[in-house]
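For reference, the chains in residue letters:
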Amino acid sequence: MDVKTVLNSVFRRVFDNDSIAIFDEMTANDVEEWDSLAHINLIMEIESEFSLKFTVDDILGLRNVGEMIRLIERKLAARGSS
Amino acid sequence: MIEPLGLGGFPHVDAVESALRLRAPYLAGIVQKQFKEFGQSWLAAFDRELGTFFGNDAAALASAVEGYIKFALDGMLLQKRFDKAGRYEPKTFDQAAAEVYQNPDYMFRLYLPGIQLSHFLWRHHYRQHIFFVERYLPLVMEHGGLRFYDVGVGTGFYSKEMLRLAPHLSGEGFDLSQFSLTYAQRMVSAFGAADRYRCSIRNIIASPPAAPAPFILNVEVLEHLEDPLAFLKALFRMLEPGGYGMVTAAVTAPNADHIYLYNSAQEVVVQIQEAGFKIVEYCEDRAYEPARPSESVPINAAVIVTR
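These protein sequence lines are chains A and B, in that order.
Going by the numbering used here, the first residue of the first sequence is number 928, and it counts up by one from there.
Going by the numbering used here, the first residue of the second sequence is number 107, and it counts up by one from there.
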């Protein structure tokens, strides 16, 4: 499965909503329950799902879900090449 | 999606909310939550704070919001990692000092503006401020003393509040970070109280001030220390008999420079008593309600003391 598909399942789990369909421009403004606690839960779930670690600067740099996908892809690629 | 408040009458809070909505929309709802809980008086106080400190310098305010976002994210991530580890990241005071207090970039870009905004944006911090205004300040006014020490001035927020709300007082602030002192002096000056305040680098254990004062402030310092009891004993000697102090500490609240873990507010109270203080009153406030009982939440313990 590609990163977007797996990430979509993480979103559905964190927000307990099976109808969520993520898209590149999506932000917290598009999901009513996406507050600070949900955001951190999301980050922790992504770390666990992909076996990655994020820094605060990583998170701070994310403007939308598309950037989140590309960050995960970069981290996975870096891990694969190390 | 939470709709913007539309804070046209409060342009500085409006600017903060707009910046949060743009840069970190998951944090923007906090403005509305605080307004809902504390109402118009909170909104007016926050706007006055921002307007007086930042004036019309929109770039400085935007930079402070950026610092706040990073400060808040850092704290939330550490909270989750604390839940797994059950302890703060092992660190000596000297390591924390090098990473935070003696690091001007970290202090001015993230830490100090982050704390400054948190006084209004975090529920437990604002409740602590209410406790200060409603429970501690009346004791200060009734006592009639004229001087206070603020040990660990941080941003200078509480020094400034003492000077602003009790215009007969003069104060002296101490810290181990020159950058905190610079920020505190700027804070006090912005509110027009510079002529009643001075601050300096001082380790109160190694070099206590010559005379005690009728009032002392010590806001969220204890958790930064390796031996808070030794510090509290030195603080006790700085308070005149019959005087009043307000001592607060962060409980189960990991941060880059929190090295002493209090697991409950009661632990703070017991330690303060052990140092010799009598407890007048105390309160504890949570940052938010946990989603599950097993999740830790940052707590503030605020204690009014006398001797």
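Warning: the hint list may mix true and false statements.
To be verified - SDA-like, lysine to any residue: derived pairs with alpha carbons at most 25 Å apart:
no.	chain 1	residue 1	chain 2	residue 2
1	B	139	B	384
2	B	186	A	968
3	A	980	A	954
4	A	1002	B	186
5	B	339	B	301
6	B	339	B	397
7	A	931	B	183
8	B	186	A	962
9	B	142	A	937
10	B	190	B	400
11	A	980	A	1002
12	B	186	A	997
13	A	980	B	185
14	B	190	A	982
15	A	980	B	251
16	B	339	B	298
17	B	190	A	929
18	B	186	A	971
To be verified - Chain B regions said to be covered by chain A (calculated; three or more residues, Cβ under 8 Å):
no.	stretch
19	140 to 153
20	377 to 383
Don't read these hints as lab results, they were simulated from the structure.
Think of the CB as a built atom: it goes at the ideal place given N, C-alpha and C, for glycine as much as any other residue.
List of violated hint numbers, smallest to largest: Hints 1, 5, 6, 9, 15, 16, 17, 19, 20 contradicted; others consistent.
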